[in-house]
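Here's the letter readout for the chains.
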Amino acid sequence: MVMQFLKKAGLGVMLAMISLAAHAEYTWNFPMPATPMAADTLHVHNKFMVIVMIIFLVVLSIMIYSIVNHRKSKGHEAATFSGPSTKSQVLWTLVPFAILLYIDFILMGIPAYHSVVMMEDTKTNADMVIKITGSQWRWQYEYMDGEAQGVKFVSNLTTPQDQIDNKAEKGKDYLLEVDNHLVLPVGKKVRVLLTSTDVIHNWWVPAFGSARDAIPGFLRETWVRVDVPGTYRGQCKELCGKGHGFMPVVVDAVSAEDYSKWVEDQKTKLAAASAGADKTWTKEELVEHGKEVYVKNCAVCHQAEGQGLPPTFPALHGSKIATGPIFDAEGKLVKDGHLDRVFNGKGVMPAWKAVLNDTDIASVITYERNGLGNSVGDMLQPAQVKALR
Amino acid sequence: MSSTTAAHHDEHHDHPTGIMRWLTTTNHKDIGTLYLTFSLIMFLVGGAMILAVRAELFQPGLQLMKPEFYNQLIGVHALVMIFAALMPAATGFANWMLPLQIGAPDMALPRLNNWGFWLLPPAAILLTLPFTLALFGIGDGAIATGWTFYTPLSIQGGIGVDFAIFSVHLLGISSVLGSINVIVTILNMRAPGMTLMKMPMFAWGWLVTAFLLIATIPVLAGAVTMLLTDRHFGTHFFDAAGGGDPILFQHLFWFFGHPEVYIVLLPVWGFMPQILQTFSRKPMYGYKAQVVSLWAIGALALVVWAHHFFTVGMPVPALLYFMYSTMAISLPLAVLFFCWIATIWKGSLSFETPMLFATGWIVLFGIGGLTGLVLADVAADAQYHHSYFVVAHFHYTLFAGGMMGVMSGVYYWLPKMTGHMFSERLGKLHFWLTAISFNLTFIPQFFLGLAGMPRRIPDYALQFTEFNMISTVAAFVLGFSQLIFVYNIVSCVRGGKKATDRVWEGAEGLEWTLPSPPPYHSFTEQPIVK
Amino acid sequence: MSSQTHNAGHYYVPNPVAYPVILSSGLLALASGFIFNINNFPAGKWMMIVGALVILGMVFKWMGTVIAECQNGLYTKWEDKSFRVGMIVFICSEVAFFAAFFGALFFMRVISIPELASFDPHFTMYKDFTSAWPSAGPGGVVLGKEYVVGHLNPMEAWGLPAINTLILLTSGATVTWAHWGLMKNNRKQLVIGLFLTVALGISFLACQAVEYHHAYTEMGLTLGSGAYGASFFMLTGFHGFHVMLGTLMLIVILIRSMKGHFDADHHFGFEGVAWYWHFVDVVWLGLFVFVYWL
Ligand code: HEA
Ligand code: HEA
Ligand code: CUA
Ligand SMILES: [Cu+2]
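Residue numbers (my numbering), protein chains in the order written: chain A, 1 to 389; chain B, 390 to 919; chain C, 920 to 1213.
Don't read these hints as lab results, they were simulated from the structure. Worth double-checking, as some hints may not be accurate.
[Stated by the list, open to error] If you want a taste of the chain A side facing chain C, the calculated C-beta under 8 Å gives, among others:
| id | residue |
| --- | --- |
| 1 | Lys189 |
| 2 | Leu193 |
| 3 | Leu219 |
Note that beta-carbon positions come from the ideal geometry of N, C-alpha and C, so glycine has one too.
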């Protein structure tokens, strides 16, 4: 056991050394900046690092000099001073102090001031506004104005559980891949509003240099202007529960034309979805679509087979609520019934009303009632869900 | 650790023996020993937890544990290390050495002193009990919010959060009692002639610590109490729906949490100059400047707390204020560094184990402090925040600046406490292994943070693999090196070369005028200090 | 504090005692019992009862020992000064505890509620919420706990609270009067002064109980009434709890005075309690101004 570990560890370190040397592009510093803010941050960071390294080296050399030369074993006699004794010595002790004062508040203080002002200026000349909502453990994006106004979607991790459990080869973008990328036009200043539905999250893309908390019940803001087209990846960086490590951010920065094309696509999709809510679905269709929705949104907590993770996350297989009535005799929503729970959540269970569309909710509920080892037999139509909004 | 049943002629032979001695003792040295022993055990416990974490982080993918359990381990690791390892070590030294250094017969309030210690084991039990309960199907384990209890995650959490809340309450009572005791002892128990400005630096360090504890621990107690009522009794302190604010919790927590990092280091900053002076055979440099700096740090510590959450979004003036005030702390700390180095300068240096740790400590804590200075910059902090860069920063301050300082102190005073010399050879081995593997563990984490690896994640993207592997392997070396430390202490307690009264050639101070080990009741006649 | 200490003689170091360990075990039982209880494990109640009994027993034992030691003349001026400094530091820590709750009150009132009411109108989640104090917040659902804003009546300052202010201020005066009595070795004045103080303390608590009853049953003001309700009840509640402890300690001191303990230059027990009482008094003034009045 121990030997095996040591072997593995030794191998690992060797591999690590080799690949570190081999990958010239390995990041020893911030990633390549893609926004003005990131460029500024990198600049400030480099400058500060050089300053502190110089301080460190200067002080270290003084210490090393002393350690080497003032040894008792070399016969060095101890001096007896215990403080500056002459005027000039007092002055000399003040010099490092003055230098540090200068470094703190001038050399570092002034650029830092400009960066802060730039970072917090979210509104001036903003070209568009998006709203990002964090929930356990996915991001929702909504375009608030401009040509994409009304476009709204959820972005879920797509890395298969098998890769996480080491049962399958890990892909290139392991843990940093999602189904729906946030798409932004290049060169446009985007004002980003942030909020959350449950706990605090933090929306972070290292190449953008901006990180801001998403706080339930509050609105926070930051901004990005991506100057270089490309795909950028980041992660939630505020501890938000068990899925905290599995809540990536992926942003595509595209040209204005591509952006318009993408917006068109999204609008068509939205129209199709709302048309879907009005038609009558068959049970098979609902169950099939419901399974997709379930795997994406619900399986993190309730698990793939609906067995849950008691005591926190209840099983849906055989759950009283998931197999109980949705509507009462008068056709009203049963309080604490299946649809009510999915609509409004409870405690750790998120409220899905604002996140999923009518079709998704209807199908996932139908799936839960007829899959996951349950067989209630009934179904819920999207139109019924729509009527209850 | 030590058994101080001194062969000397004790006035009172009436104290109980065996386990009852330790349960009921009112003797400052016994209580100091209890604190130090507890601290060592909890250091191993907290270390063992994080070794499991490091093993999980050895490679991408989930190998050993579920994310829920991972989150529990890191938070409890931090709480154990800070509250049950580092702080009790400092209190242990205070108990052992303060009365000896200032010529007092004992701590001022011996019974409270005993209670202060005996609150710790129940607190540790409360903190870790949920792990065990979960095995029996009760609750879902220990607190899983990290050591910071952030709302609303902690409102959502399970029974482990409640246990942690009450654990913090007990720890808090213990710290307040300890502080009262230290303040009273220093103000009221000094030997005649020992004016405040003649006190050993350790007493100053602890006085500032006690002041910070009194000002901030009750605020933490208040904050977790509000958390408790939000969880169970329907209040809305941290809930926007009721007009509260999750960020309010962060303000309250860090009003305590930032001073806390100085609380754990101030005692070290107190005794370290004494160690440096001993092995430099030269008086400590800038006594007055150091005292003023310690107080300046204590005062500044109370007004910079929001640098821990720059990214929550604050008005620009607030950001600037907290940035500049945080940077200002580097000034008194630079004064301290200057004084430490000037104490060595032109001394007649020798490098016994305590001195090795002390010099290593200056350099490594310097790295921690300087990276802290960088973190204070709001704009760049958006990148550093909650990344492994911060993890590396605070291990350079907490492990190097705190634990390695404590180790230096242990080696320095162990011969005095036990009457035996420890093995220099093992001590030096311990130092070199610790210093090297510590750097190998945490330097890669600086780069991980810069490259964009968030902290508190059980699994990571592929580009972070290599650095994590190095870090994990080094962490295991670091962990197992500590067993040398344990072995060295245990064998020193059991026997070894007899220590002289002065122990170290250059040692100055009242504690070195007593025999090693000192009699059970020292200074029943107070010495006169001229 | 003088920087020079001239303490001759012997400092009293008490013999080994088991009270602290037992007390801590009691606390452990009480705390874990409480946790089990609020998480719906029935065994919790019993643990709490056992813990509370142990704690109570130890407090009595410990206090008794201290009083006995005091009466046996084991405490000289030197120990006396330790107790005084210790008490002052302890009261400072209590101040910090209340500061946390005052801080929460100010934060919600000055920062979070105005902020909740001032989001960009395009994006706000709380359409009709305006900033005002007292406030129960905008309502809504957070963490799945639904919260509806009710009609909120603040507690009126110039009724019972004003009377309570008078009561506490008077009680501060009566303790001081009792202290004068003690300094003059006028035992009668001491006992009467203390008795009046205890009586005032109890009437304060009674008024507070009436007020809470009124709040819960008639005004609909509860712990759950948002920022206002939470800060109101937590602040006044913890204060009331401290008044209760103070009153109990005053009763102990009263009994001791009647037994003839304390004299003009040896009465830390009395003074410690008096200081505590004044502290509770000052906190109340803060409450009256910031919680009830402004
Ligand atoms: C003992 C612990 C300790 C100490 C002493 C410090 C010291 C400092 N810390 Fe650190 N810090 C922590 C423990 C500590 N910190 C912890 C635990 C966290 C994370 C908490 C969490 O989120 O869980 C943290 C996080 C943290 C942050 C938040 C980062 C983030 O989450 O975004 C910031 C930001 O400003 C910061 C700044 C500072 C500063 C400016 C100092 C200053 O005091 C440093 C001043 C010192 C100097 C400036 C050095 C001067 C030295 C020289 C002049 C020469 C030295 C050179 C040689 C000897 C060679 N710290
Ligand atoms: C004094 C404080 C202190 C100390 C000493 C340490 C010591 C160590 N810490 Fe810790 N750490 C923190 C304070 C501290 N830490 C804090 C505050 C956090 C933040 C938590 C949070 O996010 O909330 C943290 C988080 C933290 C993380 C980040 C986790 C994450 O964010 O996901 C990591 C990762 O590498 C880490 C590593 C280590 C290592 C390798 C050591 C090593 O120094 C440990 C050395 C090892 C030993 C001492 C073990 C010896 C024991 C044995 C060999 C086994 C024998 C055992 C028995 C018989 C019981 N720590
Ligand atoms: Cu969301 Cu971490
Ligand atoms: Cu800090």
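Identify whether the interface hint at Leu193/A stands, where standing means a beta carbon of chain C within less than 8 Å of its own.
holds, 6 Å
Does Leu219/A pass the interface check with chain C, least Cβ-Cβ distance below 8 Å?
holds, 5 Å
Given Lys189/A was flagged as interface, is its beta-carbon under 8 Å from a beta-carbon of chain C?
Not OK, violated: Lys189/A not within 8 Å of chain C, min 16 Å.
In summary, the structure is inconsistent with hint 1 from the numbered list given earlier, while agreeing with all the others.
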